[in-house]
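Novice: So the sequences go chain by chain: A and B. Read in this note's numbering, the first sequence has 69 at position 67, and its numbers run on one by one without any break. Read in this note's numbering, the second sequence has 269 at position 266, and its numbers run on one by one without any break.
Each computed DSSO-like pair below joins lysine-lysine, with the alpha-carbon atoms no more than 30 Å apart:
hint, chain 1, residue 1, chain 2, residue 2
1, B, 66, A, 165
2, A, 113, B, 96
3, A, 113, B, 66
4, A, 165, B, 96
5, A, 170, B, 202
6, B, 251, B, 305
Pair ranges (Cβ atoms, derived):
hint, chain 1, residue 1, chain 2, residue 2, range
7, B, 339, A, 136, 34 to 42 Å
8, B, 24, A, 220, 27 to 35 Å
9, B, 333, A, 212, 57 to 65 Å
10, B, 348, A, 15, 49 to 57 Å
11, A, 29, B, 171, 48 to 56 Å
12, B, 217, A, 65, 53 to 61 Å
13, B, 188, A, 99, 52 to 60 Å
14, A, 136, B, 96, 42 to 50 Å
15, B, 339, A, 26, 51 to 59 Å
16, A, 15, B, 171, 40 to 48 Å
17, B, 348, A, 82, 51 to 59 Å
18, B, 295, A, 49, 49 to 57 Å
19, B, 24, A, 29, 44 to 52 Å
20, A, 139, B, 72, 48 to 56 Å
Don't read these hints as lab results, they were simulated from the structure. Each residue gets a CB set at the ideal place from its N, CA and C atoms; glycine is no exception.
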Amino acid sequence: MPYCPYCGVEVDQDTSNCPLCDGNIPKEGPPPLLKGDYPRKEHQLYYKRRSFTSEERRTVLWFFSLLFSVPMTIVLVVDLLRDWAISWSLFALVGIIGIWVGIAVGLFIRKAWLLMLLYSALILTVSLVINLLAGTFYLFLAWNMPIILMAAVLITPCALYAKFTSRKGFNVAGMIMWAIGLFCIGIDVLIGLNSESRQFLHGWSLIVAAALGPVGALLMYVHYRLGKTMSFRRFFHA
Amino acid sequence: MEHPEWYRLDNTANLYPSVISRRNTTLFRISIHLHQPVQVDRLTRALQKLVPRFPYYQVHLRKGAFWYTLEENPRIPLPVIDSKSPCRYMPIKQRGVLPFRVRVFSRTMAVEFSHAITDGTGALIFTKSLLAAYRLIDLAPDSSEYKALYREFSEDPEIFLFDQPPKAEEFKDAFLSHFDPTIPTPDQEKKVFHLPGRKLPIGQYRVITGDMPLKEVRSLAKSHNASLTEFLTAVYFDALQQIQEIVKADKVRGRWNPVSVMVPVNLRNILFSRSMRNFFLILNPLLDTRLGHYDLDEIIHKVHHFMQTQLDHRHLKQQISRNVKGVVNPLLRISPLLLKNIGLKMIYRDFGENRFTGSLSNLGMAVFPPSLEEIVRTLEFVPPPSTVLGVKCGALSYRGHLRLTFGSLLEETALERLVFSKLRSYGIPIHISGNWKGEE
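Okay, chain B solo, but in the shape it has when bound (with noise of 0.2 Å):
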């Protein structure tokens, strides 16, 4: 398929390019953690092969005079070392850098990239795809073990394979497809409570990592009638709930606004599309903590609930339009990109991450054909830094495993802790992991 040399930001990615800065890098990255270590010549190979297959990834970010646009870019990313600190500043602004890179540690691959280009869905689909390229790569065409490896993941839906061309549908902004102008703009969100404490120095990013059995989280989740992802709001409501209680018994003045955790959700699934750009929403269940203590039970209840009635199909797009309406609007369309950056930044900060205390991303569970199985020890979902909120949790599921990342950019480790030793006093093991041993 020939593909066009530039492309339009998709409608939730018009945001991104605004709001960068060397905290709020909007980059977050899923990381592969391998039995053997990672042969970092073989994964060079590798990509040279796979990033043409994703020219909607392979691009780089220019200055138009009314919107950032995403241009061709020729170049092939190298693996770099890893960090200490995750999810780093990356200058995605700056012509020839290509918004995303991979990742090298040891065992540790790891694809960063800028939520200008995709969401969690597409970032999972790149990252399979690479792995069964670094698989295939050395292996001669004409062998049984390529072939009988390249039958298995061209049976796999999530891996795209370097010899196959892109889809006209995963070059789509799929929010423009469901846009309908005459649906009502929903109403104005309410003020919330945000975390306090210290933010660590630039550049730094804490990550802490709970594994978990994902059976036993699942069954707790349905004892309660829940999800997991709603059992884990929940549970990350209660945390929340209770850091605002100290909070509260510190300082007795002051405003105290309900708590909202902000839940991304795929749309892939609901509407149907195939898209490689992002394409989520954001659910806010809000808990009204002025009105009084609420247990767990009444927490699972109201989440349960309140993500029933939004993942209404007519719901979502009532979003969508609300998020269209904006980026259509032709006063707006030609207002210069100088003046759209301040107001993208004015909304970001009233309108964006500040309806939100906390944030919790649950991709879901990664499925791998089992060739693939055999070298990926683990998979960890670390989500984007956030001036805004402080603390982000992404959650993944691998094997049997949940891995439940939080990424910090705050000093005090509450929520983190709170969260976990609520799990735990349900009887869930967990074993904790991070990039932070405090000697920084």
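This is chain A alone, in the form it adopts within the complex (with noise of 0.2 Å):
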């Protein structure tokens, strides 16, 4: 029989890597002579959290659907019995609409980018019906299309870093510092540019970014740097 010269197990003959470490495993030679009971090695076990099944997210998804069905049907017939005409209900209905989709894209995509590609087009489309509804269109473009374009270009990077980073700390809480300074500066634009007086920057985002900036360097710096020679899980555990 076959054996791991790793692990010291015995393997079934055509087995080519061994089924524990997933080392080669030698075609001749004699079996290794291991000591002690114990390995020497530490190996990482890895846990694969087992997800929803298809049937499982339809069945999640039936009952939100019976759990919206109940407020949506109220405020139709309230409106209705009210004013005798479909008005204000609309906006609650396209809210709660928007929810739904949301949880439904939620439970069957899986794939990151897809998933924030969507949000981002689920709340711009939302936005945009209210305010159709409403008839203020100039004020979807004006502030609510370009506050939604913006978070969404500045959570996505933010949401991928965080996901695929090796190892998770200071980092990302830097990374998200530099978001918020970002989004600050994003939004006193935004006040210039609708606004009378043109004026690009109020000065109150650049005080904002200017103090966001070094705390986030100071994190990244905590991270790379020192968290190299000092385990953050063991100084900070309670």
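Hints in hand, dock the two standalone chains.
Specialist: What follows is the structure, given as structure tokens:
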């Protein structure tokens, strides 16, 4: 029988890689003599979370559909009984349908980048519909759309960074600080563009960015420089 | 037998999910050291066949509004490579993660169980059954060897063969069967001394095992008119007393509380149950060291009489009723899990392990059928790590050998050294082994 030279276990005749450590199994050679009852090297074990099956996902969506149908019916009936027309209830209906679509997207889409894209599009659409119903399309163009796009542009890299960074810690907090700083500058510019004075920067956003920028840099420094020599989990554990 | 899709946690297990942490993993372990290297593919096949026989272990922990529950989990565990530090953290609250695992290295096969599903006796039965399945799995069912082995294994009541259906009594929470709401609650215990010392980094767990001849330790215990567990507990007390005296000499000020050892007792034989879930109670012999120094004979005498008094079935039922009363209380039952988690953590801290200085868990004698004895060299029971106690001790006897295993989260090894040197001073030869070489 072939042996794994690293784990010292016997494997089946046709096995090429060890089922425990994935190491190559030599074709020939004597069984290894590993000392002691415990391995010298530490192997990381991974526990895969069981994701919901499609049937379970559908059940959850049915549950929410049923749940949301109650407030939708109530607002519709109240609106009809009060004004004999569908008026203000449309706003509530758009909001509830938007949340329902958000839940459905979250349940069925697994790719992070697609999820971010769809959520941005959804928020933009809901906002557009509400503004169209209210007859305030100019407000959508002036405020809602730029703010939503700006938030999406800043949140997406933060989320992707947090997902793909190998060691999560202060670096994620640092990234968020920088994003908040940039968002404040963006809001300030937007206020300037939409105000009569046409003054692009009012100063407050620069103060916020000047405060958050170094904090973010400090967090990154702590994470990437000090973190190599210090175990944060050990240092801060309660 | 049709088995349910989900289970309530048993009375003792209710506590564990709330207190799980990276250090307090609640995992304990039974290791089997074989004469030959483990055949890992064969073990995988044995697990595939055997695990469905234990539906109460083939589960995953789920959060409810009021309690944690165990839900059926179709996964079969694959053997994983062993670790230098056993009983390391396993995310059992994660969906789909089985609350036990099988670890392999060279000639060692080990099963690590979370206390949320069973106790040492349940784990030992599973381990024996796994070994039997490992022996049978690659044989043709119509061969004479298979038939002979099958007959031999089916005669052992502690081996559950994979083709035998589980019995209803195995699923039972035996605590509930012995609950009597009219029994008054026992008195509250005193505060006790705790071992001082720096903790090892998270993820590390030091194991030191002393292998000694069972016959000699037994006859030594008999010469002191005590059982093996009573004698070992007394030696443990003696070592704790010595440590307390050393600490006392260094630091004069401070409150010096008594010393207490947690001794879990398997209730299956006393209260006649075949439950495969947790069914044990804790006895807490106490030595009031504030009254002066005790020599070993005095300690043995005290421990022996304490055990005899406490092992009375009325006393045990009083403890069971105290534990179950909390769970059946209607107000507690309807309080949300979030609040319960906070409450249970406090109960665990103040009324759980905080009442003890040390722990000695003797699983007794493991008896294997001859065809399994052929392949098994030694057995070992590693107790679960404890952040409160620091060090815990487990004992398991097999083929004339007693293996006393200390699992420790502390940097210091004073307790282990004192216990083994005390046994050595009685002329008992001890072979020490462990996972620690001091390189980290």
